[in-house]
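> This is what each chain is made of:
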Amino acid sequence: MAMKFEKVSDGNYMLDVCGYVCPHPQIYCKKSLEKIEEGDKLELIFDNPSSGETIVQMCDQAGHDILEKKEEGGKLIYVIEKC
Amino acid sequence: MENIEKRNQLWAFIVTGALILVSLIYYQVNAYYIYLVVYIWFGFAYGMMLQYGRFCMASASRDLFAAGVPRMAVGIMIGLIFFSLVGVILSSTGMSTFHAGPIGSHEVIGGIIFGVGMVLAGGCASGSLYKIGEGNGTSILAILGISFGQAIFVDIGGIFNKLLPQSWVERAQATTWIPKENITSWFDHFLLGNVFTKPQIILSETDAISSMASGNMKFFLGNSLINTIIPAILVLILIYYFYPRKGFMKKRKKKNLSTGFGADITGAWTMITASQRTTLMAVLIGVTAGVHILAMKGMQIKFGINNFGQLLTRMGHTGDVSITGKVFDPGYWYITTQEAQLAGWIMEKVGWEVRDNVFFGVMNGLPELWRNPALWMSIGIVFGAMVMALLNKEFKWKLPKGELIVWGLGGGLLMGIGARVALGCNIGAFFIRVAGGDPGGWLFGIGMVVGGYIGVRFFNWWTEKKMAKEMEAF
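Same order as they appear, the protein sequences are chains A and B. Sequential numbering of the first sequence, starting at -18, is according to the working numbering. Sequential numbering of the second sequence, starting at 85, is according to the working numbering.
Only chain A is shown next, with the shape it has when bound in the complex (with noise of 0.2 Å):
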């Protein structure tokens, strides 16, 4: 298990923090969206539901827009503009 985040295409990328459990999807989804530039696209796979609220708070708090939520085997994915 290790987590990956990795730059898809220009202004697009992707964190995958499939297994680990609180904190670690919500402090490495911030830390994530710190790292880009406004108006790039993080594509974010967990799979631990506890961190969902946390991070769609998160996001609304801090202005970034969530463009989709959807759930895949088990798994979590958004996809979070950063505004």
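Worth flagging that the hints you see were computed from the coordinates, not collected in a lab. Beta carbons are placed, not taken as given, at the ideal position from N, Cα and C, and that holds for glycine. If a hint is listed, it holds; no wrong ones were tucked in.
Okay, the calculated bits of chain B under chain A, using three or more residues with CB under 8 Å as the criterion: (1) 138 to 145; (2) 197 to 209; (3) 216 to 226; (4) 359 to 373; (5) 484 to 494; (6) 544 to 557.
Derived DSSO-like pairs (lysine-lysine); straight-line CA-CA distance at most 30 Å: (7) B:K338 x A:K22; (8) A:K16 x B:K339; (9) B:K553 x A:K16; (10) B:K335 x A:K12; (11) B:K485 x A:K22; (12) B:K485 x A:K50; (13) A:K16 x A:K50; (14) A:K(-12) x B:K480; (15) B:K330 x A:K22; (16) A:K12 x B:K549; (17) B:K477 x A:K(-15); (18) B:K90 x A:K50; (19) A:K12 x B:K337; (20) A:K50 x B:K339; (21) A:K12 x B:K339; (22) B:K549 x A:K56; (23) B:K335 x A:K22; (24) A:K(-15) x A:K56.
Dock chain B against chain A, hints included.
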């Protein structure tokens, strides 16, 4: 997808059915076990609510400091307010089982150790239990850490006793109500020579409050208003001011809306209602914790007892109880001591003498696991959370790997030690005590927040290091 949903629902029914069956078997064996069954089902209710509300006190300080999210800190304050109001009714009708704890620096120190541990482990004592119900393997390790951390900590002596202050040793050895052969460990001397010499206060019972309010009003004034509602509102104001206020006002300015006092009221309300599921569950947990006390007191009156150990003795299970005839039976929501008993039971089975101390030998006893009422409450929490997670398609087995094994076990051990130093965890030393009118609960709360902050600083450093490594590639 539909198959998974049906399978989850089936498992939810199986788990619930198994607990119903267990309850019926106990009742069939002896009607006294209804006392234990009540613990099971309140545990089940707590578990469902904790999971649905993502109610974990580790996230209160952690998410606030690490992500600026006040959701859980707000939820705890709301829960405290409602629990204290129910507590007023219970005290007024003589139906409260609450008892204060000693007030002192041990609570702050224990709180700090516990706070660091809960951030490392990824969940507090109650949070780790509900996360086991979600299939979280790291939380299993955390609970094992809490269990064995406590059981070993309360029993070890030897070289550690040489570190004891002489005054503690003298006071402990001068204790007359405990046999000398039970005063053996470092923890025994710490309890008898230090902690038990400290005052125990319930605000409603103080002269100051009694002189200001007569009759049952003293319970509201002292325990609820002064010890819980006012401090909780102050905490909410501080959280609002330092965290969401800036972003909230920025958004209003962008929309050319006012930013005066009225906007602050709106902002604070927005903060409270931002996570409806957490706030709703906070209210329900607060009320349920109160009703739980009522139910336990009702059972005690019905059977003419004040501790389940008396029923175990009546049933002939004298080996389960301590030398004072008791087992751990808090009479309300509690988490850590029963887990220490779980580890103590295992240690005894492999030949470790664990009853030669105050914790197991005198205060809490060591019942067989299937006759341990508070442990059944913890099992109820796990299964209640599991049913809720299954119904919401959130159950998934996640085996701990790599660094999470270290964080889970290490954090759990720290929580176990912290809980014993402070005589309780985030529930028993904080939530229950604050709402019960014991100002000592806030000391543990302050320590827990400080410990949480230290834990977050450590994780910030750790994640920053790992992110830097990942970003070398681009």
